[in-house]
Amino acid sequence: MFEFCTNPETLGNFQWLACYLTIGKQFAFYKSFGVVLILLAITAPTALAFGFGAASMARARFGPLRWFGKGYIAVVRGVPDIAFFLFFVIALDQAFEYLRHKALCPDWDQPIRQGNDFIVCQAAKLPLGNAPQWIHETYGFFLAVLTFSIVFGAFAANVLYGAMRAVPRAQLETAEAYGMTHRQTFWRILVPQMWVYALPGLSNLWMVLIKATPLLFLLGIEDIVYWARDLGSTKSPKFTAYPHGDWRIWYFLALLVFYLAFTKVSEVVLDKIMKRLTHGQATAGGEAQRKAAV
Amino acid sequence: MSCWETIADYAFRSIGFGERLLPRSDFTVCQQFVLIGSGMLWNIYFGLVALLSGFFFATVVALGKASSNVLLRKPSEWFIFIFRGSPLFIQFFFAYFLFLSLKSVAPFFSPFTSAWLGALVVLFLNTAAYTGEIFYGALLSIPKSDTEAADAYGFSGFSRFKKITWPTMLRLAWPAYTNEAIFLFHATTLVFFSGFPARQQKGDALYYASYFADKTFNPFIPYPILAGYFILLTLVVIGVFGWVNKRLNRHLPQEARRKLRIRPNLIR
Chain U
1 MFEFCTNPET LGNFQWLACY LTIGKQFAFY KSFGVVLILL AITAPTALAF
51 GFGAASMARA RFGPLRWFGK GYIAVVRGVP DIAFFLFFVI ALDQAFEYLR
101 HKALCPDWDQ PIRQGNDFIV CQAAKLPLGN APQWIHETYG FFLAVLTFSI
151 VFGAFAANVL YGAMRAVPRA QLETAEAYGM THRQTFWRIL VPQMWVYALP
201 GLSNLWMVLI KATPLLFLLG IEDIVYWARD LGSTKSPKFT AYPHGDWRIW
251 YFLALLVFYL AFTKVSEVVL DKIMKRLTHG QATAGGEAQR KAAV
Chain R
1 MSCWETIADY AFRSIGFGER LLPRSDFTVC QQFVLIGSGM LWNIYFGLVA
51 LLSGFFFATV VALGKASSNV LLRKPSEWFI FIFRGSPLFI QFFFAYFLFL
101 SLKSVAPFFS PFTSAWLGAL VVLFLNTAAY TGEIFYGALL SIPKSDTEAA
151 DAYGFSGFSR FKKITWPTML RLAWPAYTNE AIFLFHATTL VFFSGFPARQ
201 QKGDALYYAS YFADKTFNPF IPYPILAGYF ILLTLVVIGV FGWVNKRLNR
251 HLPQEARRKL RIRPNLIR
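Line by line, the protein sequences give chains U and R.
The opening residue of the first sequence carries number 1 in the numbering used here; numbering runs sequentially from there.
The opening residue of the second sequence carries number 1 in the numbering used here; numbering runs sequentially from there.
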């Protein structure tokens, strides 16, 4: 990157480090921080949407819809953690391939599960065997996002369901007295008021989501954990111009600091949002704000 | 091979007894049940030891954070922030590589690079931080009248802490602490995916479950088995903690007793 980097062996410590930190592979490491942020940026709204859908389903008057919503929340929340991540990625992949197999190769007569193998026809493979590398990576990332969204959607659903029930009943009764339909009451009265009750739970969920991002590594994505292990391991002078010993401890220290900083920033921002949302609300927090202002 | 033979061969495989080789082909459901169950021994070991030891350290940390002395408060606050603010997964990795480099300096640290001690230390510190925060919250919400009554009876210093403050803190913290315990058992599944090597394929329940899922390309059998084991474990934890909760609340009138609300969390 820098001009003085042409011959690393002659450099002083500081310059050596500057050159080392700007080689191509390091940029893959920096980019993977972006991957984490993108994952968060996509997963958070998707999970919120899933959660909103499931929460409104769990309130539905139509039986099967309600059972589905409640079942989804109960199953995902009741079963332990990363097992779900490992399970969903394979299960979703197989489900997609199975559906495509049924649609694209109707005259395939062999069973799909042959002993230990899962076999679908070539045209149903996801991604297609001849697809370029970036499609494989994007597909893997897409599966990861979907998995995160399903799992965190259930948690968000639980929070939103609680928030919907926390909206004072009198508000809904008033809406009904004004002749609003069930649908109108839901969209115009319930949904706008529930956010202040949901925010503490949702911000907690956001913190949990941040701390769940390193699990991307388990889903086979080349994320920060992957690169930290890869770049930090001992490099011999034979293969690189920048040989060094086992530096993984420093790379993981950097990750630790990154996450701590991210958590701290989120805490501060969420506090601000909470302050703004409670402004003028008939809750203990809003009351405290009113008293402080006087 | 009958299922009894499988049990004899693999029931204690995860701690190094029985058959040396894992099954490689013709996987039966029985094998999956037995091996994953065998791996649960590690989860129980990690969870139980970390929970018991972390409990006492958490009390110290909570008292430190509630203390008016800056020299006690600041370290406790930082300890809690560092372990609650970063992912456990990264903590495992960091600790493993830290112990690796320490090992090359002092041979004393060589047992720390294996999971049974190294991961245990991380889990101990982690649960101490989470529990410390719970206990700290409980310390703050001890009713003023309780401590005033203690003063009126002439309690002071350590005897006041032992007889009044600490039991009340535990009573208030217990529902949240139950969730933390469940949470910790779930977190133990991360150990063998985070640098700590599973020597001779001696791993925990998730290690074996993913082994089977990888070999059979069929996640629909091993992971539900794993989930079943964990639900059982969670029920046992709830049972034990519910019993303690009853004991802690036994002096209260019926309707004032606080019921346990189980809200397991996902990931730390």
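Heads up, a few of these hints could be off.
Said to hold, decoys possible - Quick look at which bits of chain R chain U covers, simulated, 3 or more residues with Cβ under 8 Å:
1. 87 to 93
2. 97 to 103
3. 166 to 174
4. 209 to 216
These aren't lab readings, by the way, just hints derived from the structure by calculation.
Where a beta carbon is used, it is the ideal one built from N, C-alpha and C, also for glycine.
Here is how each hint holds up against the structure:
1. Against chain U, the segment 87 to 93 of chain R contributes 6 residues with a C-beta closer than 8 Å to a partner C-beta. That satisfies the three-residue criterion, and the hint holds.
2. Coverage of the segment 97 to 103 of chain R by chain U holds in this model, with 4 residues showing a Cβ closer than 8 Å to a Cβ of that chain against a need of three.
3. Counting residues of the segment 166 to 174 of chain R whose CB lies closer than 8 Å to any CB of chain U gives 0, so the stated coverage by that chain is violated, three being the minimum.
4. Counting residues of the segment 209 to 216 of chain R whose CB falls under 8 Å from any CB of chain U gives 5; the rule of at least 3 is met.
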